[in-house]
Every structure is written in structure tokens, then in C-alpha cells.
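K.L.:
Sequence:
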Amino acid sequence: MLEPNAASLIPQKPPFVMIDRLLDCDEALTRTDTRVRAENIFVKNGEFREPGLIETIAQTAAARVGWLARLQNQPVPVGYIGAVNDLEIFALPAVGELLETELKIETQIFDVILVSGEIRCRDAVVARCKLKIFLSSTPQSNPKSNP
Numbered sequence: 020m021l022e023p024n025a026a027s028l029i030p031q032k033p034p035f036v037m038i039d040r041l042l043d044c045d046e047a048l049t050r051t052d053t054r055v056r057a058e059n060i061f062v063k064n065g066e067f068r069e070p071g072l073i074e075t076i077a078q079t080a081a082a083r084v085g086w087l088a089r090l091q092n093q094p095v096p097v098g099y100i101g102a103v104n105d106l107e108i109f110a111l112p113a114v115g116e117l118l119e120t121e122l123k124i125e126t127q128i129f130d131v132i133l134v135s136g137e138i139r140c141r142d143a144v145v146a147r148c149k150l151k152i153f154l155s156s157t158p159q160s161n162p163k164s165n166p
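So the sequence shown is numbered by the numbering used here: it starts at 20 and just counts up by one.
These are calculated hints, taken from the structure and not from any lab test.
Heads up, a few of these hints could be off.
Claimed, not checked - For lysine to aspartate or glutamate, the following EDC-like pairs were computed, each having C-alpha atoms within a straight-line distance of at most 20 Å:
1. 151 - 46
2. 149 - 116
3. 123 - 52
4. 123 - 105
5. 123 - 45
6. 123 - 74
7. 123 - 46
8. 123 - 107
9. 63 - 43
10. 149 - 69
11. 32 - 58
12. 123 - 66
13. 149 - 58
14. 151 - 74
15. 123 - 58
16. 32 - 74
17. 149 - 125
18. 151 - 116
19. 151 - 125
20. 151 - 69
21. 32 - 46
22. 149 - 22
23. 63 - 105
24. 32 - 45
25. 123 - 142
26. 63 - 45
27. 151 - 105
28. 151 - 45
29. 149 - 137
30. 32 - 105
31. 63 - 46
As the list claims (entries may be wrong) - The calculated label-pair distances, taken between Cβ atoms and stated as ranges, are:
32. 91 - 57: 21 to 27 Å
33. 110 - 130: 17 to 23 Å
34. 68 - 102: 25 to 31 Å
This structure is a prediction, so every number in the text was calculated from the model and none was measured.
Beta carbons are placed, not taken as given, at the ideal position from N, Cα and C, and that holds for glycine.
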């Protein structure tokens, strides 16, 4: 595990934080995990809903950007979702489940990153999609992002 508090790497604040820990991160692959909690804003009738699954993948991408910026002692740029493609939802995880998200970088051209993300629960894929993310040259103003 690289960072036990992944929220320190992303611009989102509670109650909108969807990831708990950064497990692995390099130029090509990033992994995070999170426990589905009843108080999560995307939980309805005991299930973690579709928008939360998409946001979990997006926040895994944000954690990657935050981690790499931290390693280079650079300000963390803010990312914006430009497109969600090829979204597949296979199951809605229940409260209490542990989710692991894996993000692969397909390509990065200047400030545009194309990623594919997959969320697993108990070794079964529950969701996957591709995201187009635009990075802003204006860094986030999150004092936690710089140790």
C-alpha cells in the first residue's frame, strides 16, 4: 500500500470521497480500494449505485495524478471528466463490500488522458468503463496534497 489516506491525493472532499487507499501506482497502472459505507451519498437501498461506481474510477485516476505530482514535488492539477465510454455495470455492490479499482492508462497526450477502469468485488468485475480526462493547468488548492 502506497497511501492509506487516498483522500489526501484528490480534490474531492467528504462526503464526495469514493476511495480509501492507494494500493499501487506507476505510469501505466493504478489500484485503489474502498469499503462501501451506508452513509455514502451514492448508496440507495443498501446498494452502491452507478454514479458512485463511475466516480470511483474517476477518483482512482485523480489519485494517480496526485501521487505522481507528489513524487515530483509538483502542484496537483485538477482533472475533469470529458467523456465516459463503454460503460458496463454487472452488479451493484452492497454496503460493507470491499471494492478494488484498477486503472490502466491507454494514452496521454499533453493534458488529455484516456484510461480504462475496472472495479472488482470478491474477484468479480462489477463495473468497467473508459474515461477521457482533461487536466487543468491550474493546480488544486488542497493543502493535504503536499506533505
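K.L.:
All the hints need checking, so say for each whether the structure fits it.
P.N.:
So, going through the hints one by one against the coordinates:
1. 151 - 46: With Cα atoms ~16 Å apart, residue 151 and residue 46 stay inside 20 Å; holds.
2. 149 - 116: With a Cα-Cα distance of about 23 Å, the restraint between residue 149 and residue 116 is violated, given a limit of 20 Å.
3. 123 - 52: 15 Å, holds
4. 123 - 105: 15 Å, holds
5. 123 - 45: 10 Å, holds
6. 123 - 74: 16 Å, holds
7. 123 - 46: 9 Å, holds
8. 123 - 107: Roughly 16 Å between the alpha carbons, so the hint for residue 123 and residue 107 holds.
9. 63 - 43: 30 Å, violated
10. 149 - 69: 14 Å, holds
11. 32 - 58: 14 Å, holds
12. 123 - 66: Measuring from Cα to Cα gives roughly 26 Å; hence the hint is violated.
13. 149 - 58: Violated, at about 27 Å.
14. 151 - 74: This hinted pair holds, its Cα atoms lying about 13 Å apart.
15. 123 - 58: 29 Å, violated
16. 32 - 74: 13 Å, holds
17. 149 - 125: 9 Å, holds
18. 151 - 116: 28 Å, violated
19. 151 - 125: With a Cα-Cα distance of about 10 Å, the restraint between residue 151 and residue 125 holds, given a limit of 20 Å.
20. 151 - 69: 18 Å, holds
21. 32 - 46: Violated: residue 32 and residue 46 sit about 25 Å apart, past 20 Å.
22. 149 - 22: Answer violated: residue 149 to residue 22 is near 24 Å, above 20 Å.
23. 63 - 105: Between residue 63 and residue 105 the Cα gap is close to 24 Å, so the pair fails against 20 Å, i.e. violated.
24. 32 - 45: 24 Å, violated
25. 123 - 142: 18 Å, holds
26. 63 - 45: 34 Å, violated
27. 151 - 105: 11 Å, holds
28. 151 - 45: Since the Cα atoms of residue 151 and residue 45 sit roughly 19 Å apart, the hinted pair holds (cutoff 20 Å).
29. 149 - 137: It holds: about 9 Å lies between the C-alpha atoms, which stays within 20 Å.
30. 32 - 105: 27 Å, violated
31. 63 - 46: 35 Å, violated
32. 91 - 57: 21 to 27 Å: With a Cβ separation near 38 Å, residue 91 and residue 57 fall outside 21 to 27 Å, so the hint is violated.
33. 110 - 130: 17 to 23 Å: This hint is violated: roughly 34 Å between Cβ atoms.
34. 68 - 102: 25 to 31 Å: Hint violated: Cβ distance 20 Å, outside 25 to 31 Å.
When held up to the earlier numbered hints, the structure conflicts with 2, 9, 12, 13, 15, 18, 21, 22, 23, 24, 26, 30, 31, 32, 33 and 34 and fits the remainder.
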